[in-house]
Amino acid sequence: MQSTVEEWNIIIKPKNNLLDFKLKELHNYRDLLWLWVRREYVGAYKQTLLGPLWHFISPIFSTLIYMLLYGKIAKLSTDGVPMFLFYNAGIAIWNFFNGCFGSASGAFTNNAGIFGKVYFPRLIMPLASMITTLIKFFIQFSLFLLIYLYMIFFKGYQPIFSIWSLLYIPLSLFILAGIGFGFGIIVSSITTKYRDLTQLVGFGMQLLMFATPVIYGLSIVPPEIKQYLLFNPLVAPVESFKYALFGVGEFTLNLQLYSAVCMMIFLFIGLILFNNAEKNFMDSV
Amino acid sequence: MSNTVVKIENISKQYRLGDVGSGSMRDDFKRFRYKLMGKDDPFARLGEENIRNKQSNSDYVWALKDINFELEKGEILGIVGNNGAGKSTLLKILSRTTGPTTGSIKMKGRIASLLEVGTGFHGELSGRENIYLNGSILGLRKYEITKKLDEIIEFAGVERYLDTPVKRYSSGMYIRLAFGVAAHLDSDILIVDEVLAVGDAEFQKKCLGKMKDASHKEGRTVLFVSHNLAAVNQLCTSGILLNNGTINSLGKTSVANIIDAYLKSSQPSICIVDRSDTAIHGNHFSLLRLSDNNGNFKSDFQFDQEINIHVKINLPDYNEYLELAIRIEDKNRVPVFTIHESLCKFYDENSFTSLIITIPKKFLTPGFYSMVVCINYPGVTNYDLLENILPFSLLDTGSEFSRYENLNYGSVFAQYSITKNDQ
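If you read the sequences in order, they're chains A and B. Add 20 to the 1-based position in the first sequence for the working numbering, that's all there is to it. Add 36 to the 1-based position in the second sequence for the working numbering, that's all there is to it.
Rather than coming from a laboratory, the hints here were simulated on the basis of the structure. Just so you know, not all the hints are guaranteed correct.
[Unchecked claim] Here are the simulated BS3-like pairs of lysine-lysine, each with C-alpha atoms no more than 30 Å apart in a straight line: (1) A:Lys-35 x B:Lys-142; (2) A:Lys-35 x B:Lys-71; (3) A:Lys-35 x B:Lys-246.
[Said to hold, decoys possible] Incomplete in silico selection of chain A near chain B, CB under 8 Å: (4) Pro-34; (5) Leu-38; (6) Lys-42; (7) Leu-43; (8) Gly-63.
Bear in mind that the values here come from a model prediction, so they are computed numbers and not experimental data. Backbone N, C-alpha and C define an ideal beta-carbon position, used for all residues, glycine too.
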């Protein structure tokens, strides 16, 4: 029974090694990851009659409001795409990004109760939230697909569309998730002690949506504004997502690469800060 | 190979007092500047001993300072100390929910820490789902939980409710389920906080038994923090006493020594009512105090110790009908018993009378008591009456009632007989 290994398997020191992301430990806790996804998911919809159908209802209402506001009143162009589809797709992809960012940015403050009692790799919690967000996205996306197919078969809508461009969908999701998660854990690590940033982030996210081609296409943006807009790493994944679905949208390979590099930088900085913060955050949270 | 499984070296933990704000920001900047210049943390030298009731001059305190000890395989270590002595901080560092400021801890094997039971339980999930969830938070793999599932369910006694959301459980069932998971962790090192204070008595017994099993049969190492001295006494093989963030000079030693030292250290108030300098005329008490049989004056006693009440009376206005009355009251100030003695037996001419009244051991049950003392002339007047004085407490260091700690089982141990009735 006795182990013959004469080495210490756990060493507690004042500081974490910043570049040691403890992936092996994370892997050991993979069961917790899935159970926690289930807990979040089931917990949210128990005792509601409509359950996950609520994922349909809120985007439908948002889409209708957007159609009225941006389509009918502001008369923004949708590049020839049916208004409902255009806004619905935009809402789905933006909700996904916002969800990834939101759950990661609250990783420490929202889970302080559990983190204060038991040790496990802290990254499990924001990862689980990200998976939950992905599930929500698929539910919302299935609504979109239903209406998409209805428009094609019954309303004669013909999207310009190639099978290969469908690959942009997972790529966009991946990059958006990466940026949202990376930026989110940066925010959560910084806000354990000083909460000022949470205030900024609250309305910053709303403003960021307007700086991203969610409710409009990049094609209608005047060039003198566009040159600044392109610094937003969210532009390429959102535009390519629309391109995959509707065949409209402007982006270049360079822009995609720029987004991917941004994602990696965010993730890297985020993991380092998170690693640094997780050790002692309970003392200041 | 050595049998040491936990090695704690120079662990210290510093906390900053007060608000997080511009003050702490300034300190953070200073710390950062020093770090850039390659100097040591400027605040690491600051800070004082953590004495709660003393006004501090510094923003920094050391909740723990230079803690060193080692644990061998199979050892059950009890950590005792007053509130604020650093017990919880030490547990938090050991269970990795916060980091130390200096020092290092090395551990061998798998660790489970129970600072709380039922962490992560969600009211909407069923009992079974929560077992899996809680188990995996504590570091078990899913298949390991599946292997233990039947045992856990049996331990908790919730077979019928397994697929009911736990929010429908009675609070007792909920806790039993939570304990069930905790009790079946297959860890080599178990860190337990005072979670054992909850749950019902039978279950507590079961749980303590389970812990003892764990270390004896499987060679598991247990660290146990509790205010319940009886539990520490029953369970642990060794102990340490924390005092204001440092280990008492005894270091790690036997439980009996630790409990003894704890009781000695926790007597800040030697109970004395001294009225020698107040100008009272007529018959009055001049000095009242409590001691144990070794002549130590104190206010905390073990339940199996005799308590001596020293009474010094000044009787300038003596008459032969005077009586001394002492009434012992429990923590709710309900009288437990009263002593009446005529003073004429003890009176001597120099008008000072000194008496010792001894309350036998194992008579009062563990708890808090105070007393009312009186010199009276029955039916005529009370010369001196002092209420709610000489508070003292009896600590449970292993009485037959120790496992019913939170129950009210009365104030005295009864001397009764019991026989079988064969008719």
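Could you work out which earlier hints the structure fails to respect and list their numbers in ascending sequence? Per hint list: 3, 5, 6, 7 violated.
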